[in-house]
Amino acid sequence: MSTATTVSTSPTTAAPAERKPTAGHVLGRVVLYLLLVLVAVVAILPVYWLISSSVKQSGDVHQFPPNWFPMPWTWELRNYVDAWNAAPFGRLYINSIVFAVVGTAGEIAVAILSAYAFAFLRFPAKNVVFMVFLGAMMVPGTVVLMPNYLTVASLGWVNSYAGLIVPGLGSVFAMFLLRQHMLTLPVEVTEAAKVDGAGHLRILWSVILPMSRPMVATVVIISLVQRWNEFIWPLIVTTTDTMRTLPVGLLMLKSDEGYVNYGVVMAASVFVVVPVLVVFFLAQRQIIAGLTAGATKG
Amino acid sequence: MTTTTHPDAATGRDDGGAAARAAARRREYLLFLAFVAPNVLLLAVFSYWPVVYNGYLSLTSWDLLSEFKPFVGLANYVDMLSDPDFLGVLLRTVVFSGGITVISIVGGMAVAVLLNQKLVGRNLVRTTAFAPYIVTGAAVGTVWLYIFHPEFGLMKQLLGIVGLTSPAWMSDSAWALPGLIIVYVWKNLGFVAVIYLAGLQSMPADLYEAAKIDGASAWTLFRRITLPLLSPVTFFVAVVTVIGSFQAFDIIAIMTGGGPGDATTTLSWFIYQEAFQAFDAGRAGAAAIIMFVILLLITAAQTRFMERRVHYR
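Taken in order, these protein sequences are the chains called G and D. If you count the first sequence from 1, position 96 lands on 87 in the working numbering, and the numbers rise without skipping. The number in the working numbering is simply the position in the second sequence, starting from 1, with 34 added.
Keep in mind the hints are simulated off the structure, nothing from the lab. A few of these clues could be false.
Stated by the list, open to error - So the derived label-pair ranges between C-beta atoms look like this: (1) D:248 <-> G:18: 23 to 29 Å; (2) G:73 <-> D:115: 46 to 52 Å; (3) D:52 <-> G:193: 23 to 29 Å; (4) D:97 <-> G:63: 51 to 57 Å.
Heads up, the beta-carbon is just placed ideally off N, CA and C, and yes, glycines get one too.
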């Protein structure tokens, strides 16, 4: 037998026979747990730093060595007030919400319709149309920036919600996940509905959608988070402070000298990330499964 | 692919029924087109047309404003590909993207192997490690700018503890790019680890048992069984990470703005700069086409690799 203490790569399902715990074995476990803690700390520390620094007083933020644990009685909540007033954050919130919610609703509606068509409707060149969809995934976001700006400009949509939202409504990834899910539904369900004389829109609405709720929820959440985090397109297509979204607002706080008061900048950043962290906390299972679906299903 | 059965498979003797079926089928074809039309239209206008339009603009010299777009042929490509500055941008992008990809793969695989052990709390750590991947990039930029602060930064303190002098990171042209690589790896590593973990959990257990009976060490098991079996995952992760890092923008915009000098001007920042700061549509278009071709070749390589794997399996 190999030395039992080294990192075992065997899958957890193949449990090795019970062994007497040796000193070396115990040491190995301790090392593994230390590594586990290290991974968690590295992942969480910058987020902790962001939040804890957002309540530090100005002198506290700009001192060395830094203060790791600002005590509640020293908390500088004025950072949040200052941040709120440093840019039109109320307006940025509204813009971000409109962009994320309306954009997601539109994208998922478009995605559901095409996913249903690919899963349940006959068409001679269906494979060709499907390849056209997959091909669109090959076009990187950076490549479309300038042409899409010009298209939006020619439509007169620069600095408007339409310009912000419409170019992102086409959907490949969400459509693909929804189609994959719909293909797993039993055909009998739609056949039975057809015998009952239901049209396709009716079948989609009252049979397929209720059966696809978890997958729809997954793609909706992912789409919301991605739009909330979106940076470059809102930066380009909006031209006035009142049309910016939250992430772009963080760039607006930067002066020629860079960021001046990090306490205020961290407070503003908390405005931006808190909704994402809350959604992740509530729906981490769907988010992780959905975002890594390309790897396991591709 | 099609899930409905084809009723016309049987020879239809009833001509009236056949006609009705043909009409129904035509209706279904039209309905298919109606259902995919919005999506196809959007992708055509906002995904496919931009490639064509970039290709056209790359052959012109245009300031994004004037009425005429003078045709200059391949001059933009010739100029850029013989310009040391642009070649520097390409090289920098390869270093940046390659650095992120290699470190994410090695680190992500190590974290996945760790999370695959029977340890209490590993699911919580898995979720925690994934979280940076979904945190808003712009906010990641602001907090890491503070962490990398040359005077008050957390990194300065942590490096000081192990006896190292902290560089000035984002204000030092030698350290800004490595600093950005660290930030992107931090953001990406948990995502990569979760994908590898799924790969590890689908490994055939009997293979390991057989090898163990033969007396193979844990390292041999990893090198001879785990690593080869994970190679499709590795290829997928590599392609996704390369494509993602080629387009990295938000964190660069917040942390460096392509600077100091052009120390962090990658291809995506270059495209943005040429299009929206220098208003040179020709050069921006040419750079976009160059990026498109590079990423297309990388994706094609992955597709071929996957096909070969499936063939030999």
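Taking the hints in turn, this is what the structure says about them:
{"no.": "1", "hint": "D:248 <-> G:18: 23 to 29 Å", "in the structure": "holds, 27 Å"}
{"no.": "2", "hint": "G:73 <-> D:115: 46 to 52 Å", "in the structure": "holds, 48 Å"}
{"no.": "3", "hint": "D:52 <-> G:193: 23 to 29 Å", "in the structure": "holds, 26 Å"}
{"no.": "4", "hint": "D:97 <-> G:63: 51 to 57 Å", "in the structure": "holds, 56 Å"}
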